[in-house]
Amino acid sequence: MKRLALLPLLFILAACSGHTIHRVEVNLLSFIPQNQRQGELDLTTAQVRFPDDPAGQLVGVPGAETLVDGRLDLGLTLKNTGTLPSSLDLEVRLGPESDTDLYDDQGGDFSAISRSLTLNPGDEQTVALSLNVQPDTPTYNLIKRGGFRVGARLSLNGDQVQYTLTQAYVLLRLKLFNLIPNP
Amino acid sequence: MKRAASFLLIGLLGLTLAQGVRSLGMGGVLLPGPSGQAANPAYAAFPGKWDGEGFQVPVGLLRFLPLFTDTSPFTYFTDPTAFRNNFDFLSAYDQATHLGSFLLNPARSPDEVVFKVSANGISITDGQGNSLMPTFQVGTASDKPSASIPQPFLPIRLDLGPGTYLSLGSFMGSQGIRIAPNPDLEQAMKDGSFDRCKSDPPSPCALEAQASFISGISVALGFSTPLPEIPGLGRVYAGVRGEGFYGLGYAEAAAQARPTFDQDGNVSGASYEVRYFLSYPSSLEGTLGQGGGGMGYGLRGDVGVAVDGGNWAIGLGVQNLLGFSQWSGVEVTVVDGTETARTPTTKKSDFSAPVFTVNGAYRLPLEAGELLLAADARFGATTPAFHLGVEYSLGLAALRAGVGLEGGWRFGLGAGFNLEALNLDLALTTHEAPLVGGTVYGIAMAVRF
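Here the protein sequences line up with chains A and B, keeping their order. Under this note's numbering, residues 1 to 183 are what the first sequence spells out, in order. Under this note's numbering, residues 1001 to 1449 are what the second sequence spells out, in order.
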């Protein structure tokens, strides 16, 4: 999925009224190959990105300038399979369509949500990150510009942790009638 | 925009008042008699004892007052905020195509449309999870013009002698609108998977849309006469009509959208192809500047026969038995937003595209009152339609009911009152809401002083 350009026509045909909200639910998890959704972090591989491409996943939303609100969800299952306590940093990063590396703090990318946790040996934990996209926030302003990129990064400071990505989801609510100018 | 909306409204008026209130109350059935002469020219001389009714009041126009923010496009000028929050294109379209009825619950776009996008495909549902399949058809959306034109709005009619008449009027309207996924896309959307669409471009899956619009001035010359009575059968009527038109404008468009896929088989976008044809008088070229200045004209012949058997009547009409129309203008092709061709083109209709209408009625006297049963069927070069209606009259009042199939099911309920100085007909009408389904109710009214 590089673009979702099929959507504009469907938007028009499905409904067009002042009271209609168009809800776009993108299951990003389905675009991440199965073999990249789970794995193990250790001393040699201390970081993993979802998707692996540093440019992240491009999400093109026609009519994004009519964004009302939205939500980003990310879910992971983590298990410390090592012998030492491990600390983990999980963050979801966003950037403009033109950005080539979501993780270099250049080109407009930024951390939208992040969380740190520590797992003792044998501990297993499900982590859920959720961000409500509300007006006048950097995430809202970015999405409203049209296409955007999204990616997530899990970093390990410890010896060994198994991970499984269970959810990656973007929900956007649009009101297309807001495109109509004043007479 | 205001002028365009008014223009469209007037055009639709001619289309949507074609059926009388009495007919609407009987589910849309076509009763034998002069009101059915558009479908059967023999009815021009037929007695009006079967279909008599008053002037139908276009009560649907009320819904275009800015007071009704869901259906009135004029709200855009009086209260833009209310327009943005309440106006519903589907409601407005539904009302505009049923101007004879004040719609109580015009078709309403869903409050929420959910697009679920995954690597496997896209599904569209309403907020309750019901699939929204964009399928809609009115009339016959063809890729060539037709000599069958919409009925003129308020034509001027001149009687030229026994059974002979001349009719002159302007017409405007659509000859058909169709939006539908092709079978492959329909199945893919039901499956929620685009696997069947993944093949070398172009994809077999496509969303298709067609529409046409026509406007002009028509002149019809008709002749209808009773023939000698046939013993045991009744009085036979025969009629012919020739109708020619001079075109003031013709537009026809067809569009296809096909999904495209990247090397991994994921949806990467869509490919659009739009082809449209425009024709308008050359004098408008300076204003419109589209290269579509040309000429449009057509001629059509209709025939019909009807029998009045006293307490029964039956008729068969054939519209466009022979006909021809031609429009010269410009055809434009646009692929993915880029104009790829603009060619002066002349479009011609078929020489025969007959539309058959069979209808009949039977009057059954009862001990108290009288029952009128009526039915019609329409087929040929049009979307098939069928109606069945009944009227029970007792003294000064009549009750009516009926059912019809014309694209979707429709039902009707009605009543008539003969109040000496005033005849009043009311009908509760129903039709299936376009695109979203469900039943739309309306109230129609006709008066005769």
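FYI, nobody ran anything at the bench for these hints, they're computed from the structure. Each hint should be verified, as a subset may be incorrect.
No more than 16 Å apart at the CA atoms, straight line, and that leaves these computed lysine to aspartate or glutamate pairs for EDC-like [stated by the list, open to error]:
no. : chain 1 : residue 1 : chain 2 : residue 2
1   : B       : K1190     : B       : D1111
2   : B       : K1116     : A       : E91
3   : A       : K175      : B       : D1159
Residues of chain A clear of chain B, computed beta-carbon distances all greater than 10 Å [to be verified]:
no. : residue
4   : T20
5   : H22
6   : E25
7   : T45
8   : D53
9   : L84
10  : G147
11  : N178
12  : N182
13  : P183
Model, not experiment: these values are computed from the prediction. Even glycine gets a Cβ: it sits at the ideal position worked out from N, Cα and C.
To see whether the hints hold, each was checked on the structure:
1. B:K1190 to B:D1111: With a Cα-Cα distance of about 21 Å, the restraint between K1190 (chain B) and D1111 (chain B) is violated, given a limit of 16 Å.
2. B:K1116 to A:E91: Cα-Cα ~25 Å, so violated.
3. A:K175 to B:D1159: This hinted pair is violated, its Cα atoms lying about 56 Å apart.
4. T20: Violated, since 5 Å does not exceed 10 Å.
5. H22: Violated: least Cβ distance 5 Å, not greater than 10 Å.
6. E25: Nearest chain B Cβ is 5 Å from E25 (chain A), so the label is violated.
7. T45: holds (24 Å)
8. D53: holds (12 Å)
9. L84: holds (37 Å)
10. G147: holds (12 Å)
11. N178: violated (7 Å)
12. N182: Contrary to the label, N182 (chain A) does not stay out of reach of chain B, its closest Cβ about 5 Å off (not over 10 Å).
13. P183: violated (5 Å)
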